[in-house]
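Enquirer: Next come the chains, spelled out residue by residue.
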Amino acid sequence: MKTFVLAAAIAGLAMPAVAQDFDAQLKARQGQFRILAINLGILGDMAKGEVDYSAEAAQDAADSIQAISMVNQPPLWPEGSGADSRDGTRAKAEIWGDFDDFTSKWAALGEQATALQASAGDGREAVGAGLRELGGACKACHDSYRASPN
Amino acid sequence: MLRKALAAGATLIVLAGVGLWVTQPRAVEPARYADLTPDATAGEAVFTAAGCASCHHAPKAEGADKLVLAGGQSFETEFGTFRAPNISPHPEAGIGAWTLEDFAGAVTRGTTPGGSHYYPAFPYAAYARMAPQDVADLWAYMQELPESAETSAPHDLGFPFSIRASLGGWKMLYLSDDWVVTDLAEGAETRGRYLVEALAHCGECHTPRNALGGLDLSAWLTGAPNPSGEGRIPGITPGTLDWSATDIAYYLETGFTPDYDSAGGHMVAVIENFAKLPASDREAVAAYLKALPDGS
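Protein chains in written order, with this note's numbering: chain A, 1 to 150; chain B, 1001 to 1296.
There's no promise every hint is true.
[Said to hold, decoys possible] Derived pair list, reagent style BS3-like, types lysine-lysine, alpha-carbon separation capped at 27 Å:
| no. | chain 1 | residue 1 | chain 2 | residue 2 |
| --- | --- | --- | --- | --- |
| 1 | A | K48 | B | K1290 |
| 2 | A | K27 | A | K92 |
| 3 | B | K1290 | A | K92 |
| 4 | A | K105 | B | K1290 |
| 5 | A | K27 | A | K48 |
| 6 | A | K48 | B | K1060 |
| 7 | B | K1290 | B | K1060 |
| 8 | B | K1004 | A | K105 |
| 9 | A | K27 | A | K105 |
| 10 | B | K1276 | B | K1290 |
| 11 | B | K1276 | B | K1066 |
| 12 | A | K92 | B | K1060 |
| 13 | B | K1066 | A | K105 |
[What the hints assert, rightly or not] To give a feel for the contact side, a few chain A residues facing chain B, derived at Cβ under 7 Å:
| no. | residue |
| --- | --- |
| 14 | I42 |
| 15 | G44 |
| 16 | A129 |
| 17 | R132 |
| 18 | G135 |
| 19 | C138 |
| 20 | K139 |
| 21 | D143 |
| 22 | R146 |
Simulated from the structure, these hints should not be mistaken for laboratory data.
Quantities reported herein were computed from a predicted structural model and do not represent experimental measurements.
Virtual Cβ for every residue (Gly too), placed ideally from N, Cα, C.
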């Protein structure tokens, strides 16, 4: 009995740690955004004129972005993995208030990524135009579902 | 004794009267707007740069619906909740029955056509610097937008902020059409100043406020707490923001930071507007920001 009470007490103490669950999901979803950012950087530096345009490098980057946009999102966003439940994330509770809208925002990114994949080989101007559209899809989701830093 | 009290009371009433008279809402001088030829096409760019739709479109409006200025969005602040009114050209629910002078008084002086004060959640303290021709063009453009019959919702403010007459004192302290930053090079830097300090009203969020809600101009654009209470609005002076001018212009076009993170929050609406302006305007904002004192 005594052992049971002690075990229960330890379990009780351990409760806050449970709130830090979903570490794997956080790493996965933040990692996919990093892959997007790195490849957007390759294209963006070309669009800005800071790096010479290369059709091959642009295509590789656009292919990677499109591939990431095809990752099925719901398994990465379980309820209770938002900023109201734990540290280390800026995911707002609103995500789970309208999850269908959230996933439709990701689908919109997929459409723009597919368009960019098709036009990335067409020169610097085309990359710039595609990035503007893709950037719109990023912002549309961040506007509603990502909290400000700090 | 009674006589003394009466005299004191009368003095107070006179003082309050003088105070209200000194701080009464001011209309614009009609001469400033009399001989202008309004150009609605030019007004569209003013409208976009000034971000009117961002606050005045209906909550959750998307696409072309953002040009229906029905109002209804809420803005939480420490003074209470402000609600953007209907400013569509509907003659009763909106501002369709106004004159150009009414409109100029509202936008540049924070004065209603009926002669009372608007709350400075409406950024007239920035728009006060707007060129009369731009005001006239903006008015011409806004009259062409769709009408909405939506009734404007009242603000929800605590005492004493619920007393509009008190805003007269606020305006005496904080309403000025002087530039914040002087000694800039004529050209891109001064165009950038006009965009940042007047139309795009960047200082409203990026500059800290004092206890009375006035901007602390000594800390111009150095960042501030988010009025919604969530997070912080970053500083954008060279002391805080080490982006190149190209990075700043590209961010205003696409929302991508130099690390290819993307904008969130209210900046999404700001970028949506800036993306529609000519590249020279985005470059002008960058030139102005790079010309600011460090601010650190």
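Enquirer: Work down the list of hints and note, for each, if the structure agrees.
Expert: Going through the hints against the structure:
| no. | hint | in the structure |
| --- | --- | --- |
| 1 | A/K48 / B/K1290 | holds, 18 Å |
| 2 | A/K27 / A/K92 | holds, 17 Å |
| 3 | B/K1290 / A/K92 | violated, 33 Å |
| 4 | A/K105 / B/K1290 | violated, 35 Å |
| 5 | A/K27 / A/K48 | violated, 30 Å |
| 6 | A/K48 / B/K1060 | violated, 32 Å |
| 7 | B/K1290 / B/K1060 | violated, 35 Å |
| 8 | B/K1004 / A/K105 | violated, 72 Å |
| 9 | A/K27 / A/K105 | holds, 20 Å |
| 10 | B/K1276 / B/K1290 | holds, 22 Å |
| 11 | B/K1276 / B/K1066 | holds, 14 Å |
| 12 | A/K92 / B/K1060 | holds, 17 Å |
| 13 | B/K1066 / A/K105 | holds, 19 Å |
| 14 | I42 | violated, 9 Å |
| 15 | G44 | holds, 6 Å |
| 16 | A129 | violated, 10 Å |
| 17 | R132 | holds, 5 Å |
| 18 | G135 | holds, 4 Å |
| 19 | C138 | holds, 4 Å |
| 20 | K139 | holds, 4 Å |
| 21 | D143 | holds, 4 Å |
| 22 | R146 | holds, 5 Å |
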